[in-house]
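Protein chains: 2
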Amino acid sequence: MSLLEKFRLGDIRALSRIISHVENRRDGYQELLGRLYDRVGTCLRIGITGPPGAGKSTLVNGLARIFLKDGKKVGIIAVDPTSPFTGGALLGDRVRMNDLPADGSIYFRSMATRGATGGLAGATDNVAVVYDSFGFDVTLIETVGVGQVELDIIDTCDTVTVVIVPESGDAVQTLKAGLMEIADVFCINKADRPGAERIAADLRMTVDTRRKTHESWDIPLVQTQAINDKGLDELYRAIHSHVDFRRADGGFDEHRRAQLERKIRNIVKYRFQNDFLDKLAEETRFDQAIEDIRAGKTDPFKVGDMFFEEFISQK
Amino acid sequence: MSLLEKFRLGDIRALSRIISHVENRRDGYQELLGRLYDRVGTCLRIGITGPPGAGKSTLVNGLARIFLKDGKKVGIIAVDPTSPFTGGALLGDRVRMNDLPADGSIYFRSMATRGATGGLAGATDNVAVVYDSFGFDVTLIETVGVGQVELDIIDTCDTVTVVIVPESGDAVQTLKAGLMEIADVFCINKADRPGAERIAADLRMTVDTRRKTHESWDIPLVQTQAINDKGLDELYRAIHSHVDFRRADGGFDEHRRAQLERKIRNIVKYRFQNDFLDKLAEETRFDQAIEDIRAGKTDPFKVGDMFFEEFISQK
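First to last, the protein sequences are chains A and B.
If you're matching positions, the first sequence starts at 30 in the working numbering and goes up one per residue.
If you're matching positions, the second sequence starts at 30 in the working numbering and goes up one per residue.
Next up, chain A with everything else stripped away, as it sits in the complex (with noise of 0.2 Å):
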């Protein structure tokens, strides 16, 4: 039997091996994802972001383990960007999942830069695809931070929750906008700490104002302690609630729809970068044209247009 077939078949170790071929872009990848997207598209994508320490590990453990309990068959991302030089050692934190079934209905892949940054967020939407197409129902998709890369990854999830704890009010001072700006759902953990109120409150505010202006949805701000178990129905609830709101007024499908578009114009710059840019430094006329422009002979624009076309115009 093939890998794929053995996939179809609910393989989890086809699902492994298909992964890691996809994850490390080996030799035809693409046509193998590209064979999975036939069975792609029901299965929903949960994006929980925060700063590190906000305990989202725990949290998005406790949500998997509802889910299961409803009887969904749950994947687990968890991606590790905030530093491009130490390939994500943030990782090497994470609570490992003992107490979760083994019985193929949940499934867990941390993932962390190496090298090209650019690749990552669409490594990650490619291995979302594998478990779409694997049959899970949700995705859990996990980041640190807010940067660029965090941004593009929580961008392709159909609902994005932001875990913020007490601790984290300067930052959350500092990134508000950029916060209001990706969260669907508020998670306030740790909220036993003190200062939750006073973060919830803060929040609350600026929720309530930004609603005022621009927004139908009114982003929840859900408490909780998820290391005591505490909160996650609520959160479980309040994810889904906008989750429900976005299907029936049409944003749910306009994203994915969006999202799709940005995914093949990805693939396409991809593509440029392999048949191409990389190839650039083994020119042997490249140093040379270093040299000419060092010299003030020519300029960067001149070269750069100078081998771009040679390359279109040799296919």
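There's no promise every hint is true.
Given that identical chains are not distinguished, each listed pair holds provided it fits within a single copy or across any two copies.
Said to hold, decoys possible - Capping the alpha-carbon separation at 25 Å, the derived lysine-lysine pairs in BS3-like fashion look like this:
#, residue 1, residue 2
1, Lys35, Lys102
2, Lys35, Lys331
3, Lys298, Lys326
4, Lys35, Lys259
5, Lys101, Lys308
6, Lys101, Lys35
Honestly, the hints are just simulated from the structure, not real lab data.
Following the hints, position chain B against chain A.
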């Protein structure tokens, strides 16, 4: 007299107009910028980065004053890409430089992201090239934070100073690895505040560990109180020591060469974006293709390849 001729004679208004032209990527900006490359290469680029509220603008102003006293012409670029949403609100807080001379020996420009994040680093580099060609001896580039965009900007600098304040202790813990990679000089500003010694000792230890493993340059750690004009001379000397060190070991030249390579690659990438990617959505068949993917009839990779092949063959 043409704009370029005025520019070459040192006309500040011509400088302003060319920067605006280049910054806004108006028609023909590549050609205009390309023509400036015959006089580029002598200007030293100094990057100053760190978290919001670290007092970077006061430091940059202080350093600028020392350069001026030294008889140098100074260009400043302040970049605030922290939030892709607010468009750089933090710049509003910037201490204005009313006390700096208006005789053309110093020029200030602030830049904030607008829409395409990918373009900000390139746009900043372009403005720095204009400064260089105009005849500034040094360009100070100030950025906030250490996200990917900031890293791309900072990467175009010959030497980078990372500014920390005692309050940023926790942030330093998280970012340590990243900071170590980009810092050529560490500056602990507001060094009269509690915690300065602790953070200094902490950084000292990390710096020492790093030096032992893979770096020949011994990162200096300078304590300043920019607002009281203390420690700036020492910072100035530390920056110059690094530049001298890098000139001597060849790293300076190597780095500039690598930057130019990257510049050419980015120019081509940007052209591809303009000529092809941005026009994809206008394609009448693009909507149909997306419907076909969603119906499971085709996949994003096949669609992307099709449009890409067409683009290449039609030229």
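For each hint, the structure was consulted:
1. When the C-alpha separation of Lys35 and Lys102 is checked against a cutoff of 25 Å, the pair qualifies only within one copy, where the shortest distance is 18 Å, while the shortest distance between copies is 68 Å.
2. For a Cα distance limit of 25 Å, the shortest separation of Lys35 from Lys331 across copies, 24 Å, qualifies, whereas the shortest one inside one copy, 52 Å, does not.
3. Taking the closest pair of Cα atoms, Lys298 and Lys326 come within 25 Å of each other only across two copies (23 Å); inside a single copy the shortest separation is 31 Å, beyond that limit.
4. Taking identical chains as interchangeable, the C-alpha atoms of Lys35 and Lys259 are never at most 25 Å apart, the minima being 39 Å within one chain and 69 Å between chains.
5. When the C-alpha separation of Lys101 and Lys308 is checked against a cutoff of 25 Å, the pair qualifies neither within a copy, at 46 Å, nor between copies, at 41 Å.
6. When the C-alpha separation of Lys101 and Lys35 is checked against a cutoff of 25 Å, the pair qualifies only within one copy, where the shortest distance is 21 Å, while the shortest distance between copies is 70 Å.
This entry does not satisfy hints 4, 5, going by the numbered hints stated previously.
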